Amino acid sequence: MIKRIIAITIIALALGVAPARAQEVKVGVALPYTGIGAEFAQLVDRGMELYLKLNADKVKPYKITFIRRDVKDPSGANAKIAVQELLTQDNVDVLAGWIYSPNAIASAPIVSAGKKLAVIMNAGTAHITNLSPYYVRTSFSMWHAGYALGEASAKILQAKTAVVGYTDFPPGKDSLAAFKRSFEASGGKVIDEIPMGSAGAVPDFTPFFQRAKDKKPDLFFVFVPAGDHAAAVVKTYAALGMRDAGIKLIGPGDITQDTKLQAMGSAAVGLITMHHYHADLDNPENKRFVEAWKKEYGANTTPDFMAVGGYDGMALIVHVVQALKGKIEVDAALQALKGWKFASPRGPIMIDPVTRDIVMNEYLSEAVMKDGRVFQKVIGKIDGVKDACKEQKIGPCAPAPK
Amino acid sequence: MTPAAVDWHEHPAAVALAGRHRVRAWEAIPWVLALAFFFAFPKYLGFGTELLITVLFALSLDLVLGYAGIVTLGQAAFFGAGAYTVGMLAKRGIWNEPITGLILAAVVAAAIGLGSGLVLLRTQGLTLLMLTLCTMALLEEAANLAHDYTGGFDGLDSLPIAPLLGRFEFNPLYPTTQYLYVLAVLFVCFVFVRTLVYSPFGQSLTGIRENTLRMHAVGAPVRRRLVLCYALSAAIAGVAGGIWAQANAYVNLGTLGLDRAATVLIILVLGGYGHLYGAFVGAVAYMALSHFLSKIYPTAWQLGLGLLLVVIALFARNGILGIVEAAARRIRPPRATP
Amino acid sequence: MIFGVDVASMLLGGVAAGMVLFIVSVGLSVTMGLMGFVNLAHGGFAMLGGYAIAQAMKLWGFGFVTALCFGFVVTALASAVLERLLYARLYRATELDQVLFTIGLVFMMIASVTLLVGPENQPLRLPAFLQGQVNLGITHYRTYSVVLIVVGIVIVGGLWLGFERTRTGAQIRAAVDNRRMAESLGINIGRLFTLTFAFGSGMAALGGGLGAEFLGLDPQYALKYLVYFLIVVAVGGLGRVTGVFYAALLIGVLDFTLKKYLPQGGTAFIYALTILLLLWRPQGLFGAKTT
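Residue numbers (the numbering used here), protein chains in the order written: chain A, 1 to 402; chain B, 1 to 338; chain C, 1 to 291.
Any given hint could be a false lead.
Keeping only pairs whose Cα atoms sit at most 27 Å apart, straight-line, the calculated BS3-like set for lysine-lysine is [as the list claims (entries may be wrong)]: (1) A:Lys26 / B:Lys43; (2) A:Lys393 / A:Lys381; (3) A:Lys370 / C:Lys224; (4) A:Lys294 / C:Lys224; (5) A:Lys327 / B:Lys43; (6) A:Lys341 / A:Lys327.
So, partial list: chain A residues that the calculated Cβ filter (under 10 Å) puts toward chain C [claimed, not checked]: (7) Gly37; (8) Gly197; (9) Pro207; (10) Gly227; (11) Ala263; (12) Ala323; (13) Gly326.
The hints are simulated quantities; they were obtained by calculation from the structure and are not laboratory data. This one's a predicted model, so the numbers in the text were calculated from it and none came from an experiment. We put the beta carbon where it would ideally sit given N, CA and C, even for glycine.
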């Protein structure tokens, strides 16, 4: 009798004091850690990590584990293998990442077959979210900035003519289409469209800019991929004396990416951009975000729109984890995301329940010198911008006929 | 006193020559391994499929580089031609049967190979290298410009490929069908290439590679042989590209890029060219390293790979198989013939 | 008058771009012509030199010109060491082994730079006197482009003098035309190789630093522009300084003009042109006709 009581007591105690093991949620991250996208991968990765650091209490009692795979290049093939292995070998609960649109496009069939939530943290081609019902995007679509800028150019900047220069690949063509549509709808006219080389290598922009300068427009709208292209654009604009010729340089915020902005120096002054995020945004979440970033990664570093794509993406994932109590089944996850709102460093954001794309503010900013550094001053704002391409079902954004 | 006349059929040299193309026991090893891989590592079949396609592609390069001695940096032109043939036909709903699709891919690639070979193979050395490179780059630009047909930078995605033999579906998440399909095609192509290089045609190619002047002197139609070899190699590269498009249900400009062409050249030289099996060895070595190094230490696999290439180049003439051959010769010196 | 301005700006832009190509590629042409060695790592030396220059300016406050000299010397020395230790072993190897070696080397260069400095583009701030516009009478043009043109002319002039008027230059030319004969005349080929290789790589470094304004500077530089350098060398003819010069100018001006008037064509025209040129004259525009 006593033996039985002792046995039961021991078992009860054992069960009682068993350590509460944190439930693990595996997030599979597909980013180009090596190759030309390495620095962008680092920005998104750091954004994700920083969210977890700053909001550790929101994650409890779950433990987020990252399983990272290098997709190496934008060609698509490696991304497919990486995603396939994350799903079948590592059995991740959620997928995340995708810097380059071709990789996101290539991964779509596998994401659909794998039936896991996939959070796109950068790739910007508009129709990507249509390619799989499990894609959710926390970054942006080229149409967010492009369409808004077209409207703002005609109404706020009072411009009548514009020349568009764009890097000849789908995000560039998207940007051109978006800007042209809204600019001309608001009374402006695009007088020349100049494809400026490919995304693979930074060309010498001088001949393209010379051509734009000769056309004498009010505005020169430029879209190039963020990074080295943008720095070269700003340099060439200054070197050709286009500002003195009365041509304003405008574009989506890719050309004034925070991580490159200071290096451009005074040449960047006067640039007008439209974007959903830059590090100089004045709201309490962003102040906290930037301060924490500098403390964690160095006072000379700065977050940018890619970092915030990772940050907000992580916020989304944590929300889903909490809502579904760690058991992430994709249809329930999509339900949990309908109407999800979040106070992001970029302002209030929401996931569109129909398109699964992001809805956010767009800020019109001008680059000025302040306290010895280049500062982006917000001169206009549009709230709650949706992706106009899918909203108006333009071209490839129209949902595929079943 | 004259020695007894030896029947020339039984002369050791003749026996050696006649038997050189006989299938040796160890030649079954790569195929056995490939099948074993299928059963042992069902979760790595995506990687395995990509590996087998790379072997096929490297094999096509071995034909033109290892046997005919043509150094080309533009082999991806044919790979891409095959891939886009399959891709464009499938995307537009014109044709999506896999096996006939491969035949079409081979034909298109061979046509391009024939055309470009006739024009380019008048030159040699650096000039030929640059010409092959520029031809491929031109093709890539053309594909980019014709983006209404080729999908441009984004490529053509979600290709609807019909099930193999009407029954076996290509599953993107569990590529069992793809793996076995590629293995079968690789086997067929390998048998073709092997028979070719041991035929009189193949031997004449070796002759052309070793001593073109003498081949001219013996009256061999040198240029015709070279162009034919180039076209055949293009056909096989086209098959590799076509099957890549089918297995991935996707095609984009990366199939035509310098990256792909340079990688396959490295793979072949790494494994050892002129040996047929160098393609296998090189592809396995390169892709295994690239795949697994990048998993452990994503930011530094390029350093390790570069170091390996340098070491092999300095100390192993003709790649890994070259090392194996040298070692084998030391262990078992060739018997002297009387 | 307007037409003249157009042509002038076109020529200036193209010639400046061509000058950068020339400065980087001339080393490659001479070493390939002299040593018969396919050095695909040449772009890597240009990159390393550019990085040395950028870091010297950023970390140690070197002036632009001082940094350029520094980059030249450092790269020349480093390449001389590599040549003696590694390259020399492969002079008798097959072309393919050379390709394998130099590609492996370039991978190592790219990886080291990424690990040591980081994957981002290195900004190279030009000194104030090189920025902005300059008045050329007919038109205003970018100061830096004009400076590059002048520098390029000085360099090609200096090189020509070096090759035509000095003993070493004559030795190099002799060795390019007929190595065995040169050797039998008592010319120390090994030392000549090292010297030329070091000089060529130093020039590449110079080109990397000078061209950073147009071409940028990041770890992928070594491979991104390799094709252009190879085209310039092949079209110009191996081992011919004047050949490389004219080829670089031709490619630079054509590229510029086509981009301005037919940007949709992309780089297709350069490749098509190269094919036509090489088919017409396989030895390059100025190369010696091979038997």
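Status of each hint after checking the structure:
For the proposed pair Lys26 (chain A) and Lys43 (chain B), the alpha carbon gap of about 18 Å is at most 27 Å, so the pair holds. The hinted pair formed by Lys393 (chain A) and Lys381 (chain A) meets the criterion: a straight-line CA distance of about 24 Å does not exceed 27 Å. Proximity of Lys370 (chain A) to Lys224 (chain C) is assessed by CA-CA distance (about 37 Å); at most 27 Å being required, the pair is judged violated. For the suggested pair Lys294 (chain A) and Lys224 (chain C), the alpha carbons sit about 33 Å apart, so the restraint of at most 27 Å is broken.
Of the pairs offered as hints, the one joining Lys327 (chain A) and Lys43 (chain B) holds, with about 23 Å between alpha carbons and a cut-off of 27 Å not exceeded. Restraint check: the Cα-Cα separation between Lys341 (chain A) and Lys327 (chain A) comes to about 21 Å, which is no more than 27 Å; the hinted pair holds. Because the beta carbon of Gly37 (chain A) sits about 9 Å from the nearest beta carbon in chain C, less than 10 Å, this interface hint is met. Annotation: Gly197 (chain A) was flagged as interfacial toward chain C, and the flag holds, the nearest CB pair being 7 Å apart, inside 10 Å.
For Pro207 (chain A), the interface hint holds, the least distance from its beta-carbon to any beta-carbon of chain C being 4 Å, beneath 10 Å. Contact between Gly227 (chain A) and chain C, as hinted, is supported at the beta carbon level, the nearest pair being about 7 Å apart and thus within 10 Å. With its C-beta approaching chain C no nearer than about 4 Å, Ala263 (chain A) sits inside the 10 Å limit, and its interface hint holds. A cut of 10 Å between beta carbons decides the hint on Ala323 (chain A): the least distance to chain C is about 36 Å, and the hint is violated.
For Gly326 (chain A), the shortest C-beta to C-beta distance to chain C is roughly 35 Å, which exceeds 10 Å, and the interface hint is violated.
Hints 3, 4, 12, 13 from the list above are not met by this structure, while the remaining hints are.
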